[in-house]
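2 protein chains.
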Amino acid sequence: MKRIAIDMDEVMADFIPKQLKIYNRDYNENLTIDDLKGKKLRELRPHIKEELRKYFLDPTFFRDLEVMKDSQEVIKELSKSYEIFITTAAMEVPASFTAKYEWLKEHFGFLNDMNFVFCGDKSIIHADYLIDDNARHFNRFMGQGILFTAPHNINVTGYVRVNNWQDVRKYFLG
Amino acid sequence: MKRIAIDMDEVMADFIPKQLKIYNRDYNENLTIDDLKGKKLRELRPHIKEELRKYFLDPTFFRDLEVMKDSQEVIKELSKSYEIFITTAAMEVPASFTAKYEWLKEHFGFLNDMNFVFCGDKSIIHADYLIDDNARHFNRFMGQGILFTAPHNINVTGYVRVNNWQDVRKYFLG
Chain A
2 MKRIAIDMDE VMADFIPKQL KIYNRDYNEN LTIDDLKGKK LRELRPHIKE ELRKYFLDPT
62 FFRDLEVMKD SQEVIKELSK SYEIFITTAA MEVPASFTAK YEWLKEHFGF LNDMNFVFCG
122 DKSIIHADYL IDDNARHFNR FMGQGILFTA PHNINVTGYV RVNNWQDVRK YFLG
Chain B
2 MKRIAIDMDE VMADFIPKQL KIYNRDYNEN LTIDDLKGKK LRELRPHIKE ELRKYFLDPT
62 FFRDLEVMKD SQEVIKELSK SYEIFITTAA MEVPASFTAK YEWLKEHFGF LNDMNFVFCG
122 DKSIIHADYL IDDNARHFNR FMGQGILFTA PHNINVTGYV RVNNWQDVRK YFLG
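Taken in sequence, the protein lines are chains A and B.
Per this note's numbering, numbering through the first sequence is continuous, rising by one, with the last residue being 175.
Per this note's numbering, numbering through the second sequence is continuous, rising by one, with the last residue being 175.
The reader is advised that the hints may include incorrect statements.
Copies of the same chain are indistinguishable here, so a pair counts whether it falls within one copy or spans any two.
Lysine to any residue pairs mimicking SDA-like chemistry, simulated, CA-CA at most 20 Å apart [unchecked claim]:
| no. | residue 1 | residue 2 |
| --- | --- | --- |
| 1 | K3 | G121 |
| 2 | K106 | M92 |
| 3 | K3 | K171 |
| 4 | K40 | I17 |
| 5 | K40 | P60 |
| 6 | K55 | M115 |
| 7 | K81 | S124 |
| 8 | K171 | V94 |
| 9 | K50 | R162 |
| 10 | K3 | V163 |
| 11 | K55 | D114 |
Rather than coming from a laboratory, the hints here were simulated on the basis of the structure.
This one's a predicted model, so the numbers in the text were calculated from it and none came from an experiment.
From just these sequences and the hints, can you work out the full model?
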């Protein structure tokens, strides 16, 4: 059985709406997803990069993210024909460990938690495919990288790309 | 550069002395490491297996384990010639995430935390070697398994075995 590794933030978990909501509230702005096309918020507002990072130090930040549209149904379907592992760069935000684990158990309870992986450098992942919104993880990845479209990566080229979970379904299940 | 994945409990962290100390205190017994030869505590006292598991639900249990003799020096030495990843089955004890992370930062601060991996099923690990006290992790592991001697595994045969960190040094650095 071939194995698919799947990233969490901006792939399974809809990270941007919450980040924008909190940012707009605290900085009295009205940024939209369109403003984030081609870059991350920390690249758009580099002078407060460190302050933006502090949001993630709140252990609950990752607990109530919305589930990405269709991800539950498609991953459930994929899990009949593929081994599914969830591989998130949680080491970048150690405060997120528990929230990420609980979020997965709540929304993807049909997956085996022995297949959850909290890592940093994803070259450690032994899988045939990696679905991720950060192309840098594909550089040393052994298998096929699949770039999941997020605002920040829309100008990135040179990778297999899926725009949403229906695209993922088509790619793997035809 | 070849890559070595290293387990934590009973390989880097000396788990048994603390487990025995707490058990003996709470159950008014005098078990020693000799009693654990060939089995884990939960196999020696199967009728209280669930109660024993509860010790690990204390988020601090893994925080103050002793560092295994010579592990710091040898891992530091190995890290000059090999990529080192720490791969622990933390998903079996989600309450341990923070303690395990902090323990690694305290005692192995010279390692990059992007190379820490909290997982369950270790077949997800892409490495050339895996040093682990649980031989079951070698079954689907892609590389060479190296069994680190622990009381529970002394009767296990069929694997490359190292008895301590000086043996690890010899295996990799001759």
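Verification of the hints:
no.	hint	in the structure
1	K3 to G121	between (23 Å within a copy, 18 Å between copies)
2	K106 to M92	both (19 Å within a copy, 12 Å between copies)
3	K3 to K171	within (16 Å within a copy, 37 Å between copies)
4	K40 to I17	within (12 Å within a copy, 49 Å between copies)
5	K40 to P60	neither (25 Å within a copy, 37 Å between copies)
6	K55 to M115	between (30 Å within a copy, 19 Å between copies)
7	K81 to S124	between (25 Å within a copy, 19 Å between copies)
8	K171 to V94	neither (32 Å within a copy, 36 Å between copies)
9	K50 to R162	neither (28 Å within a copy, 48 Å between copies)
10	K3 to V163	within (19 Å within a copy, 33 Å between copies)
11	K55 to D114	between (28 Å within a copy, 19 Å between copies)
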